[in-house]
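Chemist: Sequence:
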Amino acid sequence: ESGAGKTETTKFLMRFLAYVSSSRSQNVTSRMLHLNDAVTEEKVLDSNPLLEAFGNAKTLRNDNSSRFGKYIDLHFGHDGALLGGAIQTYLLEKARVVQQAAGERNFHIFYQLITGSTLLEPSFKEKLDLDSNPDSYRYLMHAPGEECTIDDEKSFARTLKA
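For the sequence shown, the residue numbers in full-length UniProt numbering are 1 to 162.
Simulated from the structure, these hints should not be mistaken for laboratory data.
C-beta atoms are modelled at their ideal positions from N, C-alpha and C, and glycine is treated no differently.
Wrong hints could be hidden among the right ones.
[What the hints assert, rightly or not] Result set (DSS-like, lysine-lysine): computed pairs, CA atoms no more than 25 angstroms apart in a straight line:
| no. | residue 1 | residue 2 |
| --- | --- | --- |
| 1 | Lys94 | Lys70 |
| 2 | Lys161 | Lys58 |
| 3 | Lys161 | Lys127 |
| 4 | Lys127 | Lys11 |
| 5 | Lys58 | Lys70 |
| 6 | Lys154 | Lys127 |
| 7 | Lys70 | Lys125 |
| 8 | Lys6 | Lys43 |
| 9 | Lys125 | Lys154 |
| 10 | Lys161 | Lys11 |
| 11 | Lys6 | Lys161 |
| 12 | Lys43 | Lys127 |
[To be verified] Ranges of calculated distance between the beta carbons of each label pair, as one might list FRET restraints:
| no. | residue 1 | residue 2 | range |
| --- | --- | --- | --- |
| 13 | Val39 | Gln99 | 16 to 24 angstroms |
| 14 | Phe124 | Asp46 | 17 to 25 angstroms |
| 15 | Val20 | His142 | 39 to 47 angstroms |
| 16 | Asp129 | Ile72 | 34 to 42 angstroms |
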């Protein structure tokens with residue numbers, strides 16, 4: 001069911017597992033190992049904004065609807081520390097790139113790139129020849145009077161960080 005909270009629940013679960021694994025790994029005597037664990041946890045958790053940017057879109061029922069499936073495989077050490085992970089994606093809704101239902105949007109990354117282009121190096125923005133208005137692009141146009149509550153520039157900053 002769209003909008004049931006599957007994506008958000010997965011993010012909470014990943015944060016919880018990272019937290020539990022970091023508290024368990026504090027039994028390890030080496031501070032360097034603990035620092036590496038924190039970096040690994042951050043990398044695993046930071047994958048979410050990146051995946052959502054390229055694979056999620058606003059639908060009629062959900063502003064952050066996953067338009068793909070993902071299988072997340074987290075790897076833990078004997079001490080419970082998060083060692084790493086792998087994510088496999090599948091079934092991306094490719095048709096959304098060229099056509100969306102009324103009231104829906106294309107994938108978040110397109111709007112983020114356009115509205116967040118001020119966060120890019122000027123030379124990179126110039127190379128891409130970006131217009132800062134999504135309505136300048138046929139595949140990103142909103143219906144007249146349609147309001148969007150998504151802060152694409154703020155989301156783009158999270159995507160860039162990831």
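Chemist: Each hint needs a verdict: does it hold in this structure or not?
Modeler: Evaluation of the provided hints:
no.	hint	verdict
1	Lys94 <-> Lys70	holds (15 angstroms)
2	Lys161 <-> Lys58	holds (22 angstroms)
3	Lys161 <-> Lys127	holds (21 angstroms)
4	Lys127 <-> Lys11	violated (35 angstroms)
5	Lys58 <-> Lys70	holds (18 angstroms)
6	Lys154 <-> Lys127	holds (22 angstroms)
7	Lys70 <-> Lys125	violated (31 angstroms)
8	Lys6 <-> Lys43	holds (21 angstroms)
9	Lys125 <-> Lys154	holds (17 angstroms)
10	Lys161 <-> Lys11	holds (17 angstroms)
11	Lys6 <-> Lys161	holds (24 angstroms)
12	Lys43 <-> Lys127	violated (29 angstroms)
13	Val39 <-> Gln99: 16 to 24 angstroms	violated (41 angstroms)
14	Phe124 <-> Asp46: 17 to 25 angstroms	holds (21 angstroms)
15	Val20 <-> His142: 39 to 47 angstroms	holds (42 angstroms)
16	Asp129 <-> Ile72: 34 to 42 angstroms	holds (36 angstroms)
Going down the numbered hints, you'll see the structure goes against 4, 7, 12, 13, while the others check out.
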